[in-house]
Every structure is written in structure tokens, then in C-alpha cells.
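Please model the entire structure based on the sequences and the hints provided.
As they're listed, the protein sequences go chains A and B. For the first sequence, position 38 (counting from the first letter as 1) is numbered 1222 according to the working numbering, and the numbering increases by one without interruption. For the second sequence, position 136 (counting from the first letter as 1) is numbered 139 according to the working numbering, and the numbering increases by one without interruption.
Source of the hints: derived by calculation from the structure; they are not laboratory data. C-beta: ideal position from N, C-alpha, C; glycine also. Check the hints yourself; a few may be wrong.
As the list claims (entries may be wrong) - Estimated spans, in silico, between C-beta atoms of each pair: (1) Val-1270/A / Lys-15/B: 38 to 46 angstroms; (2) Phe-1258/A / Thr-142/B: 32 to 40 angstroms; (3) Phe-1260/A / Thr-70/B: 28 to 36 angstroms; (4) His-7/B / Val-1248/A: 30 to 38 angstroms.
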Amino acid sequence: MEIVQDTISWLLILGGAAFLLIGGLGLVRLPDFYTRIHAAGITDTMASELLLVALMVQAGFSLVTVKLIIIGLFLFFTSPTATHAVANAAFVAGLKPYFAPKPSAPAQEKTSEEKAGEEKIGEEKGVAGAPSGPVVQAEKGAESSN
Amino acid sequence: MKHHLVLRVVTKVLIPPILLFALYVQFHGDFGPGGGFQAGVIFAAAFILYALVFGLETARRVVPQGTLRALVAGGLLLYATVGVVSMLLGDNFLNYSVLRPDATAGQHLGILVIELGVGITVAAVMIAIFFSFAGRPPTIKDEDW
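Spelled out as C-alpha cells, the structure:
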């Protein structure tokens, strides 16, 4: 019985650690605020919840488990709310997402010069660490949708 | 204020458990970690959260200035009263053992009442500090940020 308990909780701990790692990597590597907060949100909820569930499996049926459930519920509601509040504040303050479609009126009258400039900007960001391929694709998609 | 819907709903759900947890920390303090100061801060945190989400004026209506002042003084008065009562019962200031015929029961009662006084004062002072900071007229206009 104990080996089953240990195996399950170890799997959950490793899963939580993997989510923490992914969240940390995303926080460093993703291009702008909204994508980064998306990565941080994973760390906040999924990773900590998995770790708490792993601790619950270790604790068995006891008062500790009840306390862990309460902590888990609290985190389950507060972390996404905090993420939402921060993202909402940024949106209200006027921060535009990295992949946001360009304003429609200027996009139709776009000259070839501007398009070249945009591609250059995309390349520069690509050098800075952002994936250049999806950026160009997303911009093309945004233009075609306009 | 429409975009604060999520915050408002979550705050409404969370404030009662926060207050309940503050009371748990307050009255469980002699068996486990906790005590008056921590409980007071948690209790005040619930009110500060309420003021942050629902606005300062709404929170001021929940805890009026006069009540707050009375609570700040009342908690300290409760603390001092325990000391004076134990003096009147013929022992040193704040020696709880004489509060009850049984010394251990007296110590239990004394520490509980004293921690209650500490908790009330700390909660009221924290709320008062927050109110006085948040209630200051802004020195920078909103459009100058």
C-alpha cells in the first residue's frame, strides 16, 4: 500500500515540478506581458495544485489532508483571480498584445515600404529570442482577415 | 467598474473564510501557532481587501471612524483591565493565576482575554492606517500619471 502511495505522490510531484519548469521557461522566453502572465498562471495554479495533491496522498486520511484541501481551494480561487487582475490592469492601461491585429483602416492602405519595415521588426525580435516564424505567419493571418 | 466583476465575486466569496480563519488563529493561539497579533492582521486584511475592491467610502461605512477609534482604545483597555483586575485580586500586575480559584484555569482565561485585546487593537490600527493612507487626497492628478 505504501509503495502505491509513494508512486502516486512522486508522479504528482514530478508533474508539478514539470509545470513549474515550463512556467519558469515561459516566463523568461515568451515575447510579451500577456504571454508571460499566461505562463506564470500555469505555475500559480496547476503546479501548486499538483504538489498539494501529492502531499494529500502522502498524508492519507487525516486532519492534515483537510487543511491541505482548504489551502488547495484557496489557491485554486485566488491565483487565477490575481493573474486576471494583473492582466486586466494591463489591458485597461492600454497595453496591446504582441499578436494583436493591426488597426484595420491603416492596414488596408499599407504600402510596400511599411510591410518591409514590419518584417524587419519581426526579424529583429526573432534575434532577441522570439520565434520569428509564427510572428510573420500571425501578421499575414491578421492582414488577410482584415 | 464593470471589468472588476471577477474580482468582486471572488472577494465576496473569500471574505467570510478570511474572517473565520482570523478567529481560528485568534482562539487557537494557545494550542498552536497563532495569537492576537497575527489574527488581528488577518482580520484587518479582510477589511482592506473589501476596501480595495468595493471602494474606500463603502468600507468606511462598514467600519466608521468613531467605531475604529473606540476599538483601538478598547483593545488596549481590555489588556490593561486584566492586569488591574489581577492586581485588585491581590497579586502582581498581569499575574493571571489569581483570576480563577484554579491557577491553570486562571492562566487560560487570562491569556485568552489578553490576546483578544491585542487582536482587537491590531486589527483596528491596521484598518485605521490603511484608511488614513488610502483616504489622502491625491497629490498627482489622474491624467498626469
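Results for each hint:
1. Val-1270/A / Lys-15/B: 38 to 46 angstroms: Hint violated: Cβ distance 20 angstroms, outside 38 to 46 angstroms.
2. Phe-1258/A / Thr-142/B: 32 to 40 angstroms: holds (37 angstroms)
3. Phe-1260/A / Thr-70/B: 28 to 36 angstroms: About 35 angstroms separates the Cβ atoms of Phe-1260/A and Thr-70/B, which means 28 to 36 angstroms holds.
4. His-7/B / Val-1248/A: 30 to 38 angstroms: holds (36 angstroms)
Checked against the numbered hints listed earlier, the structure breaks hint 1 alone; every other hint is satisfied.
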